[in-house]
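*Asks:* Throw the hints in and build the complete structure from the sequences for me.
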Amino acid sequence: MSQNLKIGAGLGGVVLTAGAIAFGALLSNRHHNRGYDDAANHTKRQPEGDNAQVGRSVTIRKPRAELFAFWSDFSNLPQFMENVEAIEAGADGASTWRIKAPAGQTVEVKTEIASKKQDELIAWRSVEDSEIKTSGEVRFEEAPGERGTRVSLIMDYDPPAGTLGRVVAKLFLREPQVQARHDLKRFKMLMETGEIATSARTRDETRAAKQENG
Amino acid sequence: MMRALTWHGTKDVRVDTVSDPEIINPRDAIIKITSTAICGSDLHLYDGVIPGVVPGDVLGHEFMGEVVETGSASDLKKGQRVVVPFTISCGGCFHCKQQQYSACDNSNPVEKQDMSATLYGQPMAALFGYSHLTGGYSGGQAEYARVPFSDVGPIVIPDHLEDDQVLFLSDILPTGWMAAENADIQPDDTVAVWGCGPVGLFAIQSAIVMGASKVIAIDHYPNRLALAKELGAEIIDFRETDVREALMEMSGGIGVDAVIDAVGMESHGFAIDNMFDVVKQKVGMGADRASALKQAILAVRFGGKVSIPSVYGGMTDKWPLGAMMEKGLQIRGGQTHVQKYTKLLLEKIEDGTLDTTFLISHRLPLEQAAEGYRNFKEQQNEWTKVILKPEMEN
Ligand SMILES: NC(=O)c1ccc[n+]([C@@H]2O[C@H](COP(=O)([O-])OP(=O)(O)OC[C@H]3O[C@@H](n4cnc5c(N)ncnc54)[C@H](O)[C@@H]3O)[C@@H](O)[C@H]2O)c1
Ligand SMILES: [Zn+2]
Ligand SMILES: [Zn+2]
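Heads up: the protein sequence lines correspond to chains A and B, in order.
First residue of the first sequence? That's 484 in the numbering used here, and the numbers climb one at a time after it.
First residue of the second sequence? That's 410 in the numbering used here, and the numbers climb one at a time after it.
Hint data in this document are derived by calculation from the structure and do not stem from the laboratory.
Cut-off 30 angstroms, straight-line C-alpha distance, at most; resulting in silico cross-link-like pairs (DSSO-like, lysine-lysine):
#: 1; chain 1: A; residue 1: K545; chain 2: B; residue 2: K506
#: 2; chain 1: B; residue 1: K623; chain 2: B; residue 2: K736
#: 3; chain 1: B; residue 1: K752; chain 2: A; residue 2: K545
#: 4; chain 1: B; residue 1: K441; chain 2: B; residue 2: K487
#: 5; chain 1: B; residue 1: K486; chain 2: A; residue 2: K545
#: 6; chain 1: A; residue 1: K583; chain 2: A; residue 2: K593
#: 7; chain 1: B; residue 1: K487; chain 2: B; residue 2: K798
#: 8; chain 1: A; residue 1: K600; chain 2: A; residue 2: K527
#: 9; chain 1: B; residue 1: K638; chain 2: B; residue 2: K786
*Replies:* The structure is reproduced here in structure tokens:
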């Protein structure tokens with residue numbers, strides 16, 4: 484019984500870490516393509532090395548500057564990043580991400596801005612002493628014709644330390660990928676329609692209500 | 410609380426008491442439903458051949474009624490009478506902007522998109538009351554419905570038009586119209602339509618309005634064939650006649666110029682390939698029964714046009730791939746881009762070009778919805794189209 488509990492707690496910790504990583508996201512330039520074809524690195528069949536990289540692109544029918552401005556204010560991100568409860572801005576581009584964890588808990592990840600190019604790129608990474616190592620970047624490119632803007636979100640993270648951590652992180656590798664995709668699509672919905680689609684019939688059935696009520 | 414038709418399993422639908430819908434997003438409206446129909450597509454849910462339906466789901470996607478509540482960003486007004494398209498579309502995405510409303514990027518909730526993305530390569534848009542593949546939205550066979558993006562979908566109806574005249578703007582009328590449009594009809598064309606259900610009948614009427622020189626209707630129910638004949642079609646009963654031989658003769662040995670499949674994944678008949686597919690569908694092997702469509706592809710002339718308004722969900726085998734390629738066919742299908750057609754078709758109803766009431770065989774109170782489903786499925790000859798009225802006396 485007590486052993487079960489321990490295992491449960493261990494797994495919980497890892498789930499929480501994987502989730503945190505997806506949102507806490509970092510920056511790195513490792514997304515630059517290393518193969519001989521033109522596909523993005525995160526679509527390669529064999530991710531290189533120990534680091535996991537996830538990424539996704541969507542096309543949003545809005546001007547680049549508008550999308551960039553919205554994303555530049557990190558306090559907006561929890562509107563579409565499901566597991567991020569709040570992001571508080573500090574001085575010099577430092578932010579504290581409060582990420583939802585099981586059993587009503589939260590974890591915090593501190594990030595700093597790694598680079599920023601007006602209307603093109605925002606990159607962030609966890610600060611030196613952060614328990615969770617993560618980095619992320621979002622890129623904005625003109626899409627052809629009237630299609631608007633192509634937005635790509637790429638995140639890297641190092642699996643948590645220790646053998647168990649590595650094994651379980653592998654199990655959860657899919658999760659950050661799914662989360663990145665879902666978050667980006669919610670961002671698209673919010674920008675294109677002003678709201679995020681839900682098929683709930685009553686307010687009590689919405690995801691937000693469910694999360695608030697635990 | 411309200412009354413609504415809910416799905417409980419294969420051939421098991423019931424009118425239950427469920428929670429009232431509420432405004433959730435700013436562009437929502439709540440509609441008090443006055444008329445709602447049972448569609449041939451609902452029969453695929455009833456027969457359990459569409460995946461992703463959950464017990465308790467409220468069905469129904471052809472409905473109209475009165476606006477009773479609006480979200481802060483809706484442009485509807487309380488008291489307006491509206492018909493609601495079965496496709497839920499945001500109006501602002503890549504697909505909506507080119508009027509491909511049934512491919513809207515933003516109406517299917519994010520967490521519901523993965524299933525259809527796996528099946529089809531990209532996710533489906535949302536539809537009302539049509540499984541969780543298309544969003545899991547509560548449908549319109551109910552007293553009330555929550556309508557998202559109410560500033561894009563619903564069309565306001567003038568008072569002098571009756572519900573029965575305009576209800577089908579929500580689905581089968583634009584579906585029949587788009588089916589004919591997808592057949593790219595030219596003045597000299599002979600067009601063959603498989604299935605004289607509501608979709609087939611409206612496709613026939615539309616093809617005639619678009620100027621086809623001859624329209625040929627194929628089914629096996631005398632009463633449904635009679636409705637097609639009244640519209641001006643020539644008819645073939647596939648139980649009595651060899652369809653392909655007859656079509657070759659009726660098109661002067663050329664083959665028909667365009668074919669429209671208004672039958673769908675539960676094709677009737679005892680052709681040998683269809684019997685295999687019946688068995689596979691029964692044991693859940695996910696095979697679509699596409700016998701009518703295969704016949705259509707063999708009947709159409711070289712360089713001809715194939716329009717597929719009818720619904721298929723998965724895979725099929727023994728596909729006449731050689732005929733499709735060698736004959737150089739144009740093939741078009743899809744869920745209807747309803748919002749693209751509502752205004753045009755409302756005008757055609759008002760000026761008398763299109764008759765929308767000839768196929769209605771039964772009007773029932775919502776409470777008798779389960780009976781409506783059973784008969785629309787089992788008594789197809791007489792039950793050609795069923796409208797449910799929540800306010801009608803039991
Ligand atoms: N694309 C869309 O947006 C859209 C919208 C509405 C309906 N639909 C689909 O259209 C199809 C027809 O809908 P409906 O309401 O008319 O349904 P329905 O079930 O009332 O009609 C189908 C008709 O096809 C006939 N039929 C069956 N097998 C046949 C065969 N082998 N040859 C010739 N006729 C045959 C039946 O006897 C019946 O009359 C369904 O698949 C439905 O799901 C699609
Ligand atoms: Zn329908
Ligand atoms: Zn859209």
